[in-house]
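**Student:** Let the sequences and hints guide you as you build the complete structure.
The listed protein sequences correspond, in order, to chains P and U. Numbering of the first sequence is given in our numbering, commencing with residue 7 and proceeding in unit increments. Numbering of the second sequence is given in our numbering, commencing with residue 2 and proceeding in unit increments.
No lab work stands behind these hints: they were computed from the structure. Note that CB positions come from ideal geometry on N, CA and C, so glycine has one too. Be aware that one or more of the hints could be misleading.
[Claimed, not checked] Chain P residues, not near chain U, derived (Cβ > 10 Å throughout):
1) Tyr119
2) Asn185
3) Val191
4) Phe264
5) Asp277
6) Glu291
7) Asn317
8) Ala318
[What the hints assert, rightly or not] The list that follows gives simulated cross-link-like pairs (lysine-lysine, DSBU-like), each with its CA atoms no further than 35 Å apart:
9) Lys452(U) x Lys361(P)
10) Lys24(U) x Lys391(U)
11) Lys329(P) x Lys348(P)
12) Lys356(U) x Lys404(U)
13) Lys274(P) x Lys348(P)
14) Lys308(U) x Lys393(P)
15) Lys329(P) x Lys308(U)
16) Lys361(P) x Lys449(U)
17) Lys410(P) x Lys332(P)
18) Lys405(P) x Lys404(U)
19) Lys308(U) x Lys39(P)
20) Lys404(U) x Lys46(P)
21) Lys130(P) x Lys405(P)
22) Lys335(P) x Lys422(U)
23) Lys285(U) x Lys332(P)
24) Lys308(U) x Lys257(U)
25) Lys332(P) x Lys422(U)
26) Lys404(U) x Lys329(P)
27) Lys335(P) x Lys348(P)
28) Lys348(P) x Lys285(U)
29) Lys391(U) x Lys356(U)
30) Lys361(P) x Lys391(U)
31) Lys329(P) x Lys405(P)
32) Lys452(U) x Lys24(U)
33) Lys452(U) x Lys342(U)
34) Lys24(U) x Lys361(P)
35) Lys163(P) x Lys130(P)
36) Lys422(U) x Lys404(U)
37) Lys422(U) x Lys356(U)
38) Lys361(P) x Lys356(U)
39) Lys308(U) x Lys361(P)
40) Lys404(U) x Lys50(P)
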Amino acid sequence: MPSVCFYFQVHQPFRLRHYTVFDHTPRYFDEFKNASICRKVANKCYLTANRLLLDAIRRYEGRFRIAYSLTGIILEQFEKYCPEVMSTFDALAETGCVEFLGETYYHSLSFLYSPAEFIEQIQKHTETIQRLYGQRPRVFRNTELIYNNTLAESIEKLGSFDGIITEGADHILGYRSSNFVYRPVGCSRLKLLLKNYALSDDIAFRFGNRTWQEYPLTAEKFASWINRINGNGQCVNLFMDYETFGEHQWEDTGIFSFMYHLPEHVLKHPDNNFKTPGELIDSYEPVDTIDVPHIISWADTERDLSAWLGNAMQSNALHEIYKLEKLIKQTRNDELLADWRKLQTSDHFYYMCTKYFSDGDVHKYFNPYESPYDSYINFMNVLTNLKERCNQSFYRDDKRRLSKIS
Amino acid sequence: MLGWEFPPYISGGLGTACHGLTKAMSEMGVEIIFVLPKPVDSNMSTHVKMLSPQQCRPRNRESSGKAFSLTDVEKEFANVSFRTIATPLTPYGTPEFYQKKIDEIRRQKAGQVQQTLDETLGAALSGKEASAQAWIRASETVAYESDSSGQYGGDMYAEVHRYAAHAVRLGMQEDFDVIHAHDWMTYPAGIAVASVTGKPLVVHVHSTEFDRSGEHVNRMIYDIERRGMHAADRIIAVSYLTRNIIISRYGIFGDKVEVVYNGVEQNGESRVAFNKVGIRNDEKIVLFLGRITMQKGPEYFLMAARKVLEEIDNVKFVMAGTGDMMHRIIEMAAQMGIGHKVLFTGFLHSKDVEKVYQMADLYVMPSVSEPFGIAPLEALNHDVPVLISKQSGVSEVLTHVLKVDFWDINEMANKIIAVLKYPPLQLTLREHGNFEVRRLRWSGAAEKCLKIYEGMLQHV
Chain P
7 MPSVCFYFQV
17 HQPFRLRHYT
27 VFDHTPRYFD
37 EFKNASICRK
47 VANKCYLTAN
57 RLLLDAIRRY
67 EGRFRIAYSL
77 TGIILEQFEK
87 YCPEVMSTFD
97 ALAETGCVEF
107 LGETYYHSLS
117 FLYSPAEFIE
127 QIQKHTETIQ
137 RLYGQRPRVF
147 RNTELIYNNT
157 LAESIEKLGS
167 FDGIITEGAD
177 HILGYRSSNF
187 VYRPVGCSRL
197 KLLLKNYALS
207 DDIAFRFGNR
217 TWQEYPLTAE
227 KFASWINRIN
237 GNGQCVNLFM
247 DYETFGEHQW
257 EDTGIFSFMY
267 HLPEHVLKHP
277 DNNFKTPGEL
287 IDSYEPVDTI
297 DVPHIISWAD
307 TERDLSAWLG
317 NAMQSNALHE
327 IYKLEKLIKQ
337 TRNDELLADW
347 RKLQTSDHFY
357 YMCTKYFSDG
367 DVHKYFNPYE
377 SPYDSYINFM
387 NVLTNLKERC
397 NQSFYRDDKR
407 RLSKIS
Chain U
2 MLGWEFPPYI
12 SGGLGTACHG
22 LTKAMSEMGV
32 EIIFVLPKPV
42 DSNMSTHVKM
52 LSPQQCRPRN
62 RESSGKAFSL
72 TDVEKEFANV
82 SFRTIATPLT
92 PYGTPEFYQK
102 KIDEIRRQKA
112 GQVQQTLDET
122 LGAALSGKEA
132 SAQAWIRASE
142 TVAYESDSSG
152 QYGGDMYAEV
162 HRYAAHAVRL
172 GMQEDFDVIH
182 AHDWMTYPAG
192 IAVASVTGKP
202 LVVHVHSTEF
212 DRSGEHVNRM
222 IYDIERRGMH
232 AADRIIAVSY
242 LTRNIIISRY
252 GIFGDKVEVV
262 YNGVEQNGES
272 RVAFNKVGIR
282 NDEKIVLFLG
292 RITMQKGPEY
302 FLMAARKVLE
312 EIDNVKFVMA
322 GTGDMMHRII
332 EMAAQMGIGH
342 KVLFTGFLHS
352 KDVEKVYQMA
362 DLYVMPSVSE
372 PFGIAPLEAL
382 NHDVPVLISK
392 QSGVSEVLTH
402 VLKVDFWDIN
412 EMANKIIAVL
422 KYPPLQLTLR
432 EHGNFEVRRL
442 RWSGAAEKCL
452 KIYEGMLQHV
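**Tutor:** As structure tokens, then:
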């Protein structure tokens with residue numbers, strides 16, 4: 007009776023423009039680049055995939071169900087650069103077969119540095135999803151599926167979430183399988199869903215790989231793999247970047263046609279069904295507790311933080327930006343706050359990753375900079391300017407106060 | 002192997018490259034006869050001492066061949082023997098500079114130019130395709146010269162050909178399989194030896210006239226280079242950048258040209274803190290190390306320095322090296338009003354180079370056109386982060402360095418400031434860069450050269 011659970015991550019950062027130490031204008035983001043990338047990906051992926059999935063949901067009259075996690079800043083970019091994507095998400099939300107997950111609005115690493123900021127960003131995201139789609143997220147996913155026991159505890163404490171998602175990493179599972187619902191250690195109510203990385207990556211990474219022994223992957227074959235879990239699992243959690251469709255796996259790999267036919271083959275077996283993360287949590291009781299004392303994530307083979315926090319530059323940049331929190335919040339200036347928060351997006355730190363840099367792989371493909379060093383220099387120049395603006399804002403306030411007194 | 006400079010007294014990267022390559026090849030058991038023009042410049046006289054009989058023992062060749070093996074480095078260079086030819090050739094001289102040298106030497110020696118030599122050489126050269134017979138005749142003539150009162154050709158070009166004639170004489174006496182000529186001054190010698198002995202010729206292009214002179218190429222040198230490349234059986238380029246120039250500017254078929262990247266010798270010593278002489282300890286040091294000449298972009302370094310000084314003050318710019326633009330650059334620094342921030346050291350010998358690396362916070366190579374650029378590798382070896390121009394061959398092999406277009410002063414200054422201002426950047430560059438540079442060994446280059454030799458010898 008495995009329930010197939012699809013969740014798609016939809017995210018694009020606000021990329022920075024080239025910013026030298028000689029720049030002093032308070033405009034940090036590359037409007038042109040962000041707009042053109044957003045439109046490009048919308049045409050190749052978001053619009054096509056949304057229409058395809060909408061069609062599937064309608065065809066199967068509610069038996070095909072999916073979930074999305076949309077970051078706040080991708081929604082801002084859709085509104086600004088390609089509103090037509092917004093209307094397709096509206097249509098998806100209206101079917102009642104789509105669940106939206108909760109996360110930090112800015113796709114940030116704030117959990118690691120500032121509990122207060124972390125909660126504020128989750129609340130901002132929850133409000134946005136409720137306003138746009140009329141549903142309150144019940145399941146939380148942290149940026150890049152970064153997770154440990156402390157995270158689960160603090161999410162349970164918030165009270166607004168029933169479930170949490172992370173990577174089904176081998177070393178936290180041991181002999182156990184990711185195809186069950188679990189409970190995080192130290193939690194009494196919250197349920198834990200784990201990504202089945204083998205089957206997820208078959209679609210997300212290996213699908214178009216001609217040297218893969220299972221190539222070509224057909225919907226029929228994939229459904230047969232799911233059927234094998236029957237009797238030995240509650241769920242199959244297929245979590246992946248939405249850009250898998252059309253961007254990471256190009257259209258000519260047949261990824262769209264695979265997705266079009268998949269529901270049909272999965273539903274052929276009478277024991278199979280589709281459920282969203284929230285529905286999994288309602289349907290199944292946890293079979294065991296999972297203990298994750300050390301931080302994990304869904305990145306690379308290491309499944310750790312090294313892609314964002316692996317060298318001195320990344321650590322320095324992160325410390326510097328969270329050091330500014332107090333100052334920024336004291337200014338009570340919304341513009342400064344928004345700029346500061348957009349700089350927290352994890353992608354900025356990912357670009358500074360020197361791991362594998364010489365080999366040139368995925369890290370390079372998604373990197374708008376020529377080298378991690380360039381990205382660090384750019385980021386630090388922007389941050390320096392932001393700091394100056396904070397100080398200037400205080401200076402102005404002081405002058406105003408002084409003039410009032412006199 | 003036909004070369005023209007060898008450490009410890011060198012004026013550029015070529016000597017370092019010949020040193021590294023021959024050492025690695027020798028360790029692989031390849032026997033090398035290295036032919037050098039014997040420098041007569043008084044500045045270089047120490048080099049002669051290095052080869053003097055007290056330190057070196059002559060081999061079983063006849064004395065005119067001047068065979069030496071260096072005792073202090075005997076193990077490393079077990080398979081390398083040196084032959085020197087009296088000539089004032091220096092690798093980076095211009096014809097005018099050379100003329101001055103010749104005049105000086107003539108005045109000192111008050112010797113007469115040997116008429117017969119000029120005539121024979123003239124004969125050898127007049128039949129443009131220097132025929133074997135003519136070369137042999139020329140070599141017989143030069144054999145009469147005595148080294149102590151060496152006679153010199155009238156100009157640099159004649160000198161290049163006189164070197165060639167000597168090389169032919171050596172070539173007829175020695176036993177070898179392949180001729181390997183380093184850069185244009187040895188190409189005529191390479192062609193001559195090849196035509197006399199029929200042995201295959203490799204020319205190793207460390208730089209081209211377009212790198213040294215931009216678009217104002219010296220026609221004579223270009224012709225020598227072109228003839229050498231066309232006559233060669235194989236060409237070794239130090240980077241793809243150079244390979245492209247060879248193909249597009251010299252009309253050579255691509256399948257004849259192979260790329261062999263230079264390496265760097267491992268530096269096992271740990272970084273020792275030196276007293277920064279004349280420079281306060283809280284001051285940062287940005288280093289330019291190389292010949293001060295058009296090719297190396299010294300003026301871009303200065304212009305970037307001025308921009309840096311607009312933002313931060315506690316920094317000094319050290320320009321180590323000499324060159325034909327030295328005076329102009331000193332004046333330029335003064336005119337910009339940054340004279341007190343720019344220090345000129347003149348030419349540095351290897352010990353001082355070590356010292357200056359240990360003081361530096363950043364090494365900048367703003368070369369306009371750099372076929373390879375060994376210096377950045379040495380800087381990385383000394384734990385100094387580097388900023389190099391994208392117009393350099395070495396940028397093809399290095400990833401953990403900062404790169405910039407040589408003309409982009411703003412970006413250059415931006416990156417210099419970033420290195421000085423953000424210590425984690427310096428730290429990361431240093432760690433990763435030092436790790437990366439360990440993969441670039443001379444043994445790799447030597448292996449590739451051997452493969453090329455083997456490929457040629459199979460065809461013969």
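**Student:** Below or equal to 35 Å on CA atoms is what counts here, so check lysine 308(U) against lysine 257(U).
**Tutor:** violated (45 Å)
**Student:** Is the hinted pair lysine 452(U) and lysine 361(P) satisfied, with a Cα-Cα distance of at most 35 Å?
**Tutor:** holds (33 Å)
**Student:** Within 35 Å, alpha carbon to alpha carbon, are lysine 405(P) and lysine 404(U)?
**Tutor:** violated (44 Å)
**Student:** Between the alpha carbons of lysine 329(P) and lysine 405(P), is the straight-line distance 35 Å or under?
**Tutor:** OK: lysine 329(P) and lysine 405(P) at ~25 Å, within 35 Å.
**Student:** For the pair supplied as a hint, lysine 422(U) and lysine 404(U), confirm whether the alpha-carbon distance does not exceed 35 Å.
**Tutor:** holds (18 Å)
**Student:** Holds or violated: are the alpha carbons of lysine 348(P) and lysine 285(U) at most 35 Å from each other?
**Tutor:** holds (33 Å)
**Student:** Run the distance test for lysine 452(U) versus lysine 24(U): straight-line Cα separation, threshold 35 Å.
**Tutor:** OK: lysine 452(U) and lysine 24(U) at ~17 Å, within 35 Å.
**Student:** Quickly compare the C-alpha distance for lysine 308(U) and lysine 361(P) to 35 Å and report which way the hint goes.
**Tutor:** holds (33 Å)
**Student:** Holds or violated: are the alpha carbons of lysine 404(U) and lysine 46(P) at most 35 Å from each other?
**Tutor:** holds (29 Å)
**Student:** Should the label of tyrosine 119(P) as a non-interface residue stand, given a Cβ cut-off of 10 Å to chain U?
**Tutor:** For tyrosine 119(P), whose nearest Cβ neighbour in chain U is about 16 Å away, the distance exceeds 10 Å, so it holds.
**Student:** Take a quick look at whether lysine 332(P) and lysine 422(U) sit within 35 Å of each other, Cα to Cα.
**Tutor:** holds (23 Å)
**Student:** Given the hinted pair lysine 285(U) and lysine 332(P), is their alpha-carbon gap at most 35 Å?
**Tutor:** holds (32 Å)
Of the numbered hints listed earlier, those contradicted by the structure are 7, 8, 13, 18, 24 and 33.
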